[in-house]
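There are 2 protein chains.
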Amino acid sequence: MSPAAQILATLRQQDGVSGADLALRLGMSRAAVWAHIEELRGAGFEIEASPHRGYRLVTSPDRLLADDLLARLGPVQVIGRDIRVFQETNSTNDVVEKLARDGVAEGVVVFAEAQSKGRGRLGRQWLSPAGKGLWFSILLRPDLRPQEATRLTVATATAIARAIQQQTGVAPDIKWPNDLMIAGKKVCGILTELSAELDHVKYIVLGVGVDVNLASGEFPSDLRRIATSLRIAAGRVLPRPELAVAILQELDREYARILRGQFADVADEWEQRCTTIGQLVSIRLGDRVLRGRAEALDESGALLLRTEHGRLERIIGGDVTVEK
Amino acid sequence: MSPAAQILATLRQQDGVSGADLALRLGMSRAAVWAHIEELRGAGFEIEASPHRGYRLVTSPDRLLADDLLARLGPVQVIGRDIRVFQETNSTNDVVEKLARDGVAEGVVVFAEAQSKGRGRLGRQWLSPAGKGLWFSILLRPDLRPQEATRLTVATATAIARAIQQQTGVAPDIKWPNDLMIAGKKVCGILTELSAELDHVKYIVLGVGVDVNLASGEFPSDLRRIATSLRIAAGRVLPRPELAVAILQELDREYARILRGQFADVADEWEQRCTTIGQLVSIRLGDRVLRGRAEALDESGALLLRTEHGRLERIIGGDVTVEK
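Chains as they are written, first to last, in the working numbering: chain A, 132 to 455; chain B, 132 to 455.
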């Protein structure tokens, strides 16, 4: 952590701390403390200074700052050990894929305030305007077979739904395999990309897009029918750094469960949050459409579909439509 | 095709052709024809010139030359539309993966006379000395789901076994999933690497290594027990360009069958050539070992194993040992 991040972490733990205490605790001069406080103020942190109470953090800006996120996150097992924030990138998945090829360890998270070429599934575009959402990607190197990668999508959806519920009071529904929905509209998408041999995952890039603070008018008209934001759902603007930290904490917890072989526990919670289970659905797989009832997840994360002909099919991906 | 390659193609079709005919046919001066003939002689082609019979190709060098391979190959559907030859690379799979990310069309084949970091499955090293084998990789962009990628490994093994049999008279056995064996020793390995979303392959890099002309003494002692070459098996040195062309032709044919949905036909031939089917085997999957009888391939290319407990398991990869 940088000195400024250490000061921030201290100000978050303690409501009022003197420059002398900060200098002592962080092993720097009072003049250096003052310079870092000025630096933080410049970044948008409102920090009060009074002779009696010392420095107090009053408000934080709605900006993603790597040191600030690391300081808030505290110790993690894997996800968020390393956080990098870009003002703008093409696609955070592309940035993380490059890190993967360069041999970077799993757990690195790359955020972008804006993406110029945000991607959804099958190369679809993902709207990623500056400062309005959480657009990020995570590098994982789990010891899984390619067909088990769906487990990570399931765990990711569960973790993010839980974090959103904590932070906003609104519980999103999970639509299999990779969407979080509020009132029937998409609020978060997950893009799982993998590099593998036939029987062995080399690495996985988990891309996440959460529509946080878009106002209704900020969606293009073709998206307004099908997409929403947490701001619209909760009726207020949400602080993105808090939400980002809550999501990373839940993701780290779920990933640890997967690595410990406790996928069944993850799947249980997922099924409770999932509106697809129990429904009559049609699923498009390339140029084939399967219809039937979504029954459950199997142990690899695949959807078990009881087709209209009574057969049980394992479905690993595809576009799902719930039949009315 | 370059002018020199066009001259080569003509000399291969016609046993003796005058400089005047060549000049007319290729739209160049007789002096230019002569210059290209000299260029080909410089590359190792033995070309006779006589006043009566004109130019005749007597012998070709055992070198991989992109234009020569393209000229010999003739029209193909996908595989071999574009051929590139490197004197030495780290790994042809890495070269092709870079081409894939740059958006190059499927069907490109990259050969290297030598690889400094040839790779086998699970990051194992693959010995690739200069001029002794066929070390190459192919870029494919099939409309498959990741778990169907095994089909391509099956088709590749079948095509290469057939081409080797044509060219040498020796029929290799296929050892599931990705090895060709002669007299119980490995002569060819196939490394299938894929980039995918959960339900959709973005691209596949098929890497192939065929030990063609290594003499027994050219294998390190630890490999001598388990590896062999076509030269050892056939008792003679084999011309690599002919073999390369035969392999690409068979691969192109098998890939077209896969794309037409005729995987069952591919699997039939594969099963006839496969020594694993019908055997009692043990298969290592990470830290788990399954034992049972290998019964057949399923429609996705997975091995159906009847375990010692009577259950039928679908196996997608792993290290297979045939029990004695």
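It should be emphasised that the hints constitute simulated quantities derived from the structure, not laboratory data. Certain hints may be false.
Not everything, but these chain B residues come out facing chain A in the computed CB check (under 8 Å) [to be verified]:
1) G251
2) R252
3) Q256
4) P273
5) P277
6) T281
7) T323
8) E324
9) S326
10) A327
11) E328
12) D330
13) L369
14) P370
15) I447
We treat Cβ as the ideally placed atom computed from N, Cα and C, and that holds for glycine.
Practice task
Of all the hints given earlier, name the ones this structure violates by number, lowest first.
Solution key: 1, 3, 4, 13, 14
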